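K.L.:
So the sequence lines, in the order shown, correspond to chains A and B. Here the working numbering is used: position 131 in the first sequence is 302, and no number is missing along the way. Here the working numbering is used: position 244 in the second sequence is 288, and no number is missing along the way.
Among the hints, erroneous ones may be present.
Stated by the list, open to error - Straight-line C-alpha distance at most 30 Å; calculated DSS-like pairs for lysine-lysine:
1) B:251 <-> A:418
2) B:252 <-> A:418
3) A:232 <-> A:305
What the hints assert, rightly or not - Going by beta-carbon spacing under 7 Å, a handful of chain B positions derived as facing chain A:
4) 98
5) 166
6) 240
Hints listed in this document are in silico derivations from the structure and should not be mistaken for laboratory results. For clarity, every value in this text was computed on a predicted model and none was experimentally measured. By construction, the Cβ of each residue, glycine as well, lies at the ideal position given by its N, Cα and C atoms.
Each chain, written out:
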Amino acid sequence: MIISVKDLRVYFSSSRGAVKALDGVDVDVNEGEIVGLAGESGCGKSTLALAISRLILPPGKIVGGQVVYEGNDILRLSPNDFRKQYRWKKMAMIFQGSMNGFTPVFTIGYQIREVLEIHGYEGDYHDRMVDLLKMVELDPQIADRYPHELSGGQKQRAFIALALALDPPFLIADEPTTALDVVTQVNIMNLLKKLRREKGIAILLITHDLAVLSEIVDRIYILYAGKVAEFGTAKEIFESPKHPYTKGLIASIPTLTSTRISGIEGFMPDLANMPPGCKFYPRCPFVMEVCKKNEPELRTVGENQYAACWLY
Amino acid sequence: MQRVGSIKDPVMTFDNVSVFFTKKKFLGPKSVIKAVDSINLDVGHGEIVAVVGESGSGKTTLGRTAIGLQRATSGKVIFTDNNLNVDVSTARGRRWKELRKYLQIIFQDPFSSIDPNMRVYDALRIPLQSQGVRDKKEIEDRIYKVFSEVGLPSDLLWNYVFQLSGGQRQRVSIARVLLFSPSLVVADEAVSMLDVSLKGDILNIIKKIQNNFGVSFLFITHEMAVAKVIADRVAVMYLGNLVEIGTADKIVSNPLHPYTQALIQASPTIDPSLRETLRTVNVRGEIPPSNAHPPGCKFHPRCPFVMETCKHNIPSLKEVENGHYVSCWLY
Chain A
172 MIISVKDLRV YFSSSRGAVK ALDGVDVDVN EGEIVGLAGE SGCGKSTLAL
222 AISRLILPPG KIVGGQVVYE GNDILRLSPN DFRKQYRWKK MAMIFQGSMN
272 GFTPVFTIGY QIREVLEIHG YEGDYHDRMV DLLKMVELDP QIADRYPHEL
322 SGGQKQRAFI ALALALDPPF LIADEPTTAL DVVTQVNIMN LLKKLRREKG
372 IAILLITHDL AVLSEIVDRI YILYAGKVAE FGTAKEIFES PKHPYTKGLI
422 ASIPTLTSTR ISGIEGFMPD LANMPPGCKF YPRCPFVMEV CKKNEPELRT
472 VGENQYAACW LY
Chain B
45 MQRVGSIKDP VMTFDNVSVF FTKKKFLGPK SVIKAVDSIN LDVGHGEIVA
95 VVGESGSGKT TLGRTAIGLQ RATSGKVIFT DNNLNVDVST ARGRRWKELR
145 KYLQIIFQDP FSSIDPNMRV YDALRIPLQS QGVRDKKEIE DRIYKVFSEV
195 GLPSDLLWNY VFQLSGGQRQ RVSIARVLLF SPSLVVADEA VSMLDVSLKG
245 DILNIIKKIQ NNFGVSFLFI THEMAVAKVI ADRVAVMYLG NLVEIGTADK
295 IVSNPLHPYT QALIQASPTI DPSLRETLRT VNVRGEIPPS NAHPPGCKFH
345 PRCPFVMETC KHNIPSLKEV ENGHYVSCWL Y
């Protein structure tokens, strides 16, 4: 196991009380595995990515839990140690808008070189840069260009190259293709698959687009209101979802073969003022008395599949 | 002569519509961006026509032109309904104000298209008053009616807009559009920002409005799957041109233009068995910048079937089978 998130709790303080963005979440990623994290906006999936990379800013606060990376709890490190030992080297992150993360006044090459330099890469910067750009299927000449001269897809590739600069074995990708066109999206997903296959990089892939996830991930976690509702292998989750929320999400995906799509009634509860019992019960078509009082725990519902639901 | 792509009894006809934007650099040359380039398209009464394309294809400009938010550089945008037969792109004055009632738009981002500091009731009251509805009782009745039409509980009317979630706000946008029993509604990426769990709800509301009130929609989207679910006909745009028009079923089951084929190949499916393989999309590179359209067929630099003629000659829309048009030298 490369990274293991244990009972992680992240609260944001607000005038209405603590907003529980993550309320006891466990997520594991094995070496060379692509793990998906899915859920509606506000379910806490981006907060999890930020917590792992220690980028939670006030009023947010990690109030409990551990993030164990190769045996060490990285939440206990001082910010300086984390930056020196982990960031870029052990883990890197790609964001939705990361193609806009390049500063417009320097060339792409300069910015990649800068990362290599600051983080003490040993070797020839230029050779490394050419390797990196080739790895993400970009023409190495792009190094001499400025960000505004590249298209959105090229910038996203260049940013992936940057993320790979120091050979991290673990990558967090938060909505890496959401702002891109469909054809470009396929190309970026292909690139992530290739990186995993050729370099054995483990990826935590966060997106609300379940259809895209279904084609790439080995395992998937479904988050709802700051908790894991269900997780399992891609095959289990997409072919036999158990939690009513997962079922609803999958039925809502528009595909070329669907003639009509359904939705899930209602809205996510207020994270500052959560109802007792199961967080999903106000929207659940199978709600029972027990759901309103007691919160279900994750239980085995398949070989590698777990769901937090009183139906099982 | 019958125009290409025309249908019987349209509510809106785009007759050779072009929209160009001119950019003048200081002391530099003028550059012309052809956002919409000679488009012929009809939208029937009570029909949902989806316009599909990548960013930069001109689909939003076309939508804005339909309701007069953008004036056409050349060509006519004819609106025919409610005893009117007007060119939207030249309408002015009182006629223009009257048109606004029948031509409505739902925007992509419900967080910026409604003033968050207004009460929901006011967000719906003000457009009614601006169109001359003065009677308090009538205003109230109409607001309650459209509110229930989009499935929102009436106690939300007294909330502030900022208290609503994205899905609720998008329903308010739809309610606002319905206030005037419109003839044609442009839905510009109306579900793109919404969570997957809400997409279906909003699409179903749009479908219901089409069925119950006979409202036509110009539904702009980048997702072929959404177009397939919602639309009667699909028009595919590439760099300002229409490259293919047909029924939603035909476009998905038998796409003719190489670009349409690529869009369909790129549409995600729910298939966990694909994770070991790479997906192939039969198209090269990315959409070129809007001020540098290639000569000949604009798609030729990316086309897998490119021939010599494509590089020099611009193809026009041809009817390949009944009601299915494509502009490609292959046919």
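K.L.:
Checked against the structure, which of the hints given earlier come out wrong?
P.N.:
Going through the list in order, the structure violates hints 3 and 5 and respects the others.
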